[in-house]
Amino acid sequence: MGSKMICRNDLDFLLYQVIDTDELVSLERFAEHGRETFNAALDTAESIAIDYFAPHAAELDENEPRFDGERVELIPQVKEALDQYYGAGFGAATQDYELGGMQLPFTVSVACKAIFSAANISTLAYASLSGANANVIGAFGSESQQRLYRQPLLDGRFTGTMALTEPQAGSSLGDIATTAEPMVDGDYRLRGSKIFISAGDHELSENIVHLVLARIKGAPEGVKGLSLFLVPKYLVNEDGTLGPRNDVVLGGLIHKMGYRGTTSTILNFGEQGGAVAYLVGEPHRGLAYMFQMMNEARVGVGVGAVGLGYAAYRHALDYARERLQGRPPESKDASSSPQPIIAHADVRRMLLAAKSYVEGGLCLSLYGAQLADRKAWSADAAERERAAMLLDLLTPVLKSWPSRYCLEANSLAIQVHGGYGYSRDYPVERLYRDNRLNPIHEGTEGIQSLDLLGRKIMMHDGGSFKLLCDEIQVTIESTRCDSRIREFAESLQAALDRFRDTTKALSNLLREGDAKHALANSSLYLDAFGHLVVAWLWLRQAQAALAMQAASGSESEAFCHGKHMACQYFFRWELPRIEHSCHLLRALDTTCLAMPVDSF
Numbered sequence: 000m001g002s003k004m005i006c007r008n009d010l011d012f013l014l015y016q017v018i019d020t021d022e023l024v025s026l027e028r029f030a031e032h033g034r035e036t037f038n039a040a041l042d043t044a045e046s047i048a049i050d051y052f053a054p055h056a057a058e059l060d061e062n063e064p065r066f067d068g069e070r071v072e073l074i075p076q077v078k079e080a081l082d083q084y085y086g087a088g089f090g091a092a093t094q095d096y097e098l099g100g101m102q103l104p105f106t107v108s109v110a111c112k113a114i115f116s117a118a119n120i121s122t123l124a125y126a127s128l129s130g131a132n133a134n135v136i137g138a139f140g141s142e143s144q145q146r147l148y149r150q151p152l153l154d155g156r157f158t159g160t161m162a163l164t165e166p167q168a169g170s171s172l173g174d175i176a177t178t179a180e181p182m183v184d185g186d187y188r189l190r191g192s193k194i195f196i197s198a199g200d201h202e203l204s205e206n207i208v209h210l211v212l213a214r215i216k217g218a219p220e221g222v223k224g225l226s227l228f229l230v231p232k233y234l235v236n237e238d239g240t241l242g243p244r245n246d247v248v249l250g251g252l253i254h255k256m257g258y259r260g261t262t263s264t265i266l267n268f269g270e271q272g273g274a275v276a277y278l279v280g281e282p283h284r285g286l287a288y289m290f291q292m293m294n295e296a297r298v299g300v301g302v303g304a305v306g307l308g309y310a311a312y313r314h315a316l317d318y319a320r321e322r323l324q325g326r327p328p329e330s331k332d333a334s335s336s337p338q339p340i341i342a343h344a345d346v347r348r349m350l351l352a353a354k355s356y357v358e359g360g361l362c363l364s365l366y367g368a369q370l371a372d373r374k375a376w377s378a379d380a381a382e383r384e385r386a387a388m389l390l391d392l393l394t395p396v397l398k399s400w401p402s403r404y405c406l407e408a409n410s411l412a413i414q415v416h417g418g419y420g421y422s423r424d425y426p427v428e429r430l431y432r433d434n435r436l437n438p439i440h441e442g443t444e445g446i447q448s449l450d451l452l453g454r455k456i457m458m459h460d461g462g463s464f465k466l467l468c469d470e471i472q473v474t475i476e477s478t479r480c481d482s483r484i485r486e487f488a489e490s491l492q493a494a495l496d497r498f499r500d501t502t503k504a505l506s507n508l509l510r511e512g513d514a515k516h517a518l519a520n521s522s523l524y525l526d527a528f529g530h531l532v533v534a535w536l537w538l539r540q541a542q543a544a545l546a547m548q549a550a551s552g553s554e555s556e557a558f559c560h561g562k563h564m565a566c567q568y569f570f571r572w573e574l575p576r577i578e579h580s581c582h583l584l585r586a587l588d589t590t591c592l593a594m595p596v597d598s599f
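Numbering that gives the first Met the number 0 puts the first residue of the sequence shown at 0, with every later residue one more than the last.
Just so you know, the hints here were simulated from the structure itself, not pulled from any lab data. All C-beta atoms, glycine included, are put in the ideal place defined by N, C-alpha and C. Accuracy of the hints is not assured; some may be wrong.
[As the list claims (entries may be wrong)] Once the Cα atoms are required to be at most 20 Å apart in a straight line, the calculated SDA-like pairs of lysine to any residue come out as:
#  : residue 1 : residue 2
1  : Lys-255   : Thr-164
2  : Lys-216   : Leu-203
3  : Lys-465   : Leu-495
4  : Lys-223   : Gly-173
5  : Lys-223   : Asn-267
6  : Lys-216   : Leu-172
7  : Lys-374   : Asn-294
8  : Lys-503   : Phe-558
9  : Lys-515   : Lys-465
10 : Lys-3     : Glu-63
11 : Lys-3     : Ser-46
12 : Lys-374   : Ile-456
13 : Lys-255   : Phe-195
14 : Lys-465   : Ala-504
15 : Lys-216   : Lys-255
16 : Lys-465   : Ala-381
17 : Lys-465   : Arg-510
18 : Lys-216   : Gly-251
19 : Lys-3     : Ile-49
20 : Lys-216   : Asp-184
21 : Lys-216   : Asn-294
22 : Lys-223   : Met-293
23 : Lys-374   : Ala-138
24 : Lys-223   : Asp-184
25 : Lys-216   : Ala-168
26 : Lys-255   : Glu-63
27 : Lys-216   : Ser-192
28 : Lys-223   : Glu-142
29 : Lys-255   : Val-71
30 : Lys-374   : Lys-515
31 : Lys-515   : Leu-467
[As the list claims (entries may be wrong)] Cβ pair distances, simulated, as ranges:
#  : residue 1 : residue 2 : range
32 : Asp-460   : Glu-220   : 26 to 36 Å
33 : Thr-590   : Asn-38    : 16 to 26 Å
34 : Asp-19    : Phe-290   : 35 to 45 Å
35 : Arg-7     : Pro-339   : 21 to 31 Å
36 : Pro-339   : Glu-79    : 51 to 61 Å
37 : Arg-156   : Gln-338   : 31 to 41 Å
38 : Asn-8     : Gly-99    : 30 to 40 Å
39 : Asp-588   : Asp-469   : 48 to 58 Å
40 : Gly-99    : Asp-19    : 24 to 34 Å
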């Protein structure tokens with residue numbers, strides 16, 4: 000089963016040959032670590048994923064959560080898997096030693112999350128949300144909130160959610176209607192309804208901690224009037240014991256096409272007079288606080304998409320090697336034995352495309368995680384600022400590019416399986432359904448593209464984008480002298496120049512105040528941006544593979560040649576898309592913008 004998840008050789012290659020994870024031990028935070036402890040964490044994650052997460056993934060999909068009017072029922076294997084996860088320390092993997100954590104780099108934690116995602120993303124979702132919830136409380140919560148809620152979240156005794164979306168508002172958070180009324184004791188009574196709240200109700204933990212965006216009565220309209228509240232399912236006494244049930248009611252379960260094992264809920268707050276709520280941080284700064292969890296969740300969505308796409312690719316690869324069908328086009332002997340379908344060029348095309356997407360997406364996720372580590376823990380202020388600028392710029396891409404193209408890997412895996420691909424006899428149809436949610440989770444491509452082009456590109460007067468271009472240029476200069484990969488370096492240079500000119504033109508239009516036309520095709524800009532970054536990382540992979548092969552010889556020849564061919568595929572088949580995208584963007588094409596509503 001392990002071969003059907005993340006390829007460990009690939010993960011090790013990306014961590015140690017491309018991303019240089021070893022260098023993180025030079026940071027004081029990780030001084031007690033080394034490759035030995037990093038590998039031990041990865042080995043443990045792989046073992047738990049194989050033994051406890053993967054075996055019940057199909058059963059959980061077929062037996063989704065049910066609400067009997069009083070309790071939400073889940074198959075018992077979910078709790079067993081989460082107990083193993085928390086027992087091994089993954090709930091607090093990146094936390095301080097004093098909190099029971101391992102002080103693992105976020106980069107290694109993300110690698111472990113990719114493994115768990117490939118095995119069973121529905122079960123992992125409960126733990127992932129809880130960890131992000133605990134991080135918000137740790138960053139902005141009061142001493143009492145941290146003492147009573149943070150540690151139980153890290154230990155797995157409590158689980159957590161983020162409650163933003165409302166039926167009438169959707170992604171338009173400025174239209175949130177949930178209200179919070181201050182009480183004489185200093186706490187609040189919260190009333191409102193939230194929808195699509197993942198992990199919003201279940202019996203997997205002693206308590207559920209909801210982080211809820213709401214508007215204090217009399218607060219300003221729009222997002223500037225939103226505050227963040229901690230609302231537990233059960234009230235917690237000062238000594239940490241559980242008190243009575245809070246006024247939080249499950250309004251119903253939402254049944255989705257994927258992630259079927261993660262409860263998706265409608266939650267009603269305050270039906271019996273008002274849910275007890277505790278203000279987190281300062282009033283009217285709720286969205287700023289919540290962005291920490293949202294951004295962490297966006298990185299998590301990207302990693303999850305990689306894991307699901309990668310698993311499907313591995314299943315398709317094994318199937319293509321084993322399935323006998325057809326003969327070479329030049330063969331005239333109908334009595335000859337059929338060949339494995341991987342011998343057919345079009346099947347290899349699909350596998351190469353999937354390989355380029357999932358291995359490129361995994362490299363992208365790990366690169367973003369390393370930026371987070373350096374932003375948080377570097378002793379050099381300039382390096383922290385540089386990492387922060389790059390991470391802020393790339394967050395929409397870290398979420399959106401894997402969500403789109405690793406999903407495409409899922410689609411290709413179904414195609415490789417032929418008619419069996421969309422049957423439930425094989426897991427690729429389930430993996431596709433799970434991954435189809437990720438382009439929507441934590442903001443659609445349209446929302447991410449508006450954030451990227453309308454805000455991130457303009458930050459620091461374009462300084463973040465320039466910094467990224469400089470990083471790409473360094474790689475180009477270091478590879479264009481090598482005849483084996485010069486073609487890729489020159490292609491990337493041409494794409495970079497074209498995309499830089501397009502970005503300049505759109506930025507000038509934004510500065511002139513014409514956001515309507517500048518942002519009309521922003522999703523196309525996001526797509527091209529992602530392809531540029533992934534092409535850069537593929538060039539780095541090809542460069543590292545050449546160095547690895549020179550050091551190890553024939554031992555790594557097949558692996559390294561596979562990296563070279565996947566890079567070649569991406570540069571010859573995928574990177575040229577940027578030229579067409581930039582043409583449409585520079586032309587300010589108004590086809591979509593100008594389409595009259597009544598003409599559809």
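Going through the hints against the structure:
Distance hint between Lys-255 and Thr-164 is fulfilled; the C-alpha atoms sit about 16 Å from each other, no more than 20 Å. Simply put, Lys-216 and Leu-203 have alpha-carbon atoms about 34 Å apart, too far for the 20 Å limit, and the pair is violated. Distance hint between Lys-465 and Leu-495 is fulfilled; the C-alpha atoms sit about 11 Å from each other, no more than 20 Å. At most 20 Å may separate the alpha-carbon atoms for a hinted pair to count; Lys-223 and Gly-173 meet this at roughly 8 Å.
Distance hint between Lys-223 and Asn-267 is unfulfilled; the C-alpha atoms sit about 24 Å from each other, more than 20 Å. Straight-line distance between C-alpha atoms of Lys-216 and Leu-172 comes to about 16 Å, which keeps the hinted pair within the 20 Å bound. Distance hint between Lys-374 and Asn-294 is fulfilled; the C-alpha atoms sit about 14 Å from each other, no more than 20 Å. Restraint check: the Cα-Cα separation between Lys-503 and Phe-558 comes to about 39 Å, which exceeds 20 Å; the hinted pair is violated.
Only pairs whose Cα atoms come within 20 Å are accepted, and Lys-515 paired with Lys-465 is rejected, the gap being roughly 24 Å. Annotation: proposed proximity of Lys-3 to Glu-63 is violated, straight-line Cα distance about 23 Å (limit 20 Å). Of the supplied pair hints, the one linking Lys-3 and Ser-46 holds, its CA atoms being roughly 13 Å apart against a limit of 20 Å. Distance restraint check for Lys-374 and Ile-456: the Cα-Cα separation of roughly 19 Å lies within the 20 Å cut-off, and the hinted pair is therefore satisfied.
Of the pairs offered as hints, the one joining Lys-255 and Phe-195 holds, with about 10 Å between alpha carbons and a cut-off of 20 Å not exceeded. Between Lys-465 and Ala-504 the CA atoms are separated by roughly 14 Å; this keeps the pair inside 20 Å, and the hint holds. For the hint linking Lys-216 to Lys-255, the alpha-carbon distance of about 34 Å lies beyond 20 Å, and the restraint is violated. About 16 Å separates the Cα atoms of Lys-465 and Ala-381, which keeps this hinted pair within 20 Å; it holds.
Pair hint Lys-465 plus Arg-510 holds up; C-alpha atoms about 17 Å apart against a cutoff of 20 Å. Annotation: proposed proximity of Lys-216 to Gly-251 is violated, straight-line Cα distance about 27 Å (limit 20 Å). With a CA separation close to 10 Å, the supplied pair Lys-3 and Ile-49 stays within the 20 Å bound. Straight-line distance between C-alpha atoms of Lys-216 and Asp-184 comes to about 16 Å, which keeps the hinted pair within the 20 Å bound.
Taking the CA atoms of Lys-216 and Asn-294, the gap is about 28 Å. The hint is violated against a cut of 20 Å. Annotation: proposed proximity of Lys-223 to Met-293 holds, straight-line Cα distance about 17 Å (limit 20 Å). The straight-line distance between the Cα atoms of Lys-374 and Ala-138 is roughly 15 Å, inside the 20 Å bound, and the hint therefore holds. Among the hinted pairs, Lys-223 with Asp-184 is inconsistent with the structure: their alpha-carbon atoms are about 25 Å apart, more than 20 Å.
With a CA separation close to 18 Å, the supplied pair Lys-216 and Ala-168 stays within the 20 Å bound. Taking the CA atoms of Lys-255 and Glu-63, the gap is near 10 Å; set against the 20 Å cutoff, the hint holds. Straight-line distance between C-alpha atoms of Lys-216 and Ser-192 comes to about 16 Å, which keeps the hinted pair within the 20 Å bound. About 25 Å separates the Cα atoms of Lys-223 and Glu-142, which puts this hinted pair outside 20 Å; it is violated.
Restraint check for Lys-255 and Val-71: the C-alpha separation of about 16 Å stays at or below 20 Å, so the hint holds. A distance of roughly 34 Å separates the Cα atoms of Lys-374 and Lys-515; the hinted pair therefore is violated under the 20 Å criterion. A distance of roughly 26 Å separates the Cα atoms of Lys-515 and Leu-467; the hinted pair therefore is violated under the 20 Å criterion. Checking the proposed 26 to 36 Å range against Asp-460 and Glu-220 shows it holds: the Cβ atoms sit about 30 Å from each other.
Range check, Thr-590 to Asn-38: Cβ separation about 52 Å, and the 16 to 26 Å hint is violated. Taken as a hint, the range 35 to 45 Å is violated for the pair Asp-19 and Phe-290, whose Cβ atoms sit roughly 29 Å apart. Between Arg-7 and Pro-339 the Cβ separation comes to about 24 Å, which falls inside the hinted range of 21 to 31 Å. Distance hint for Pro-339 and Glu-79: a CB-CB separation of about 38 Å, inconsistent with the stated range 51 to 61 Å.
Between Arg-156 and Gln-338 the beta carbon distance is about 55 Å. The supplied range of 31 to 41 Å is therefore violated. Evaluation of the 30 to 40 Å hint for Asn-8 and Gly-99 yields a pass: the beta carbon distance comes to about 32 Å. Between Asp-588 and Asp-469 the Cβ separation comes to about 30 Å, which falls outside the hinted range of 48 to 58 Å. Gly-99 and Asp-19 have their C-beta atoms about 29 Å apart, which keeps the hinted 24 to 34 Å range intact.
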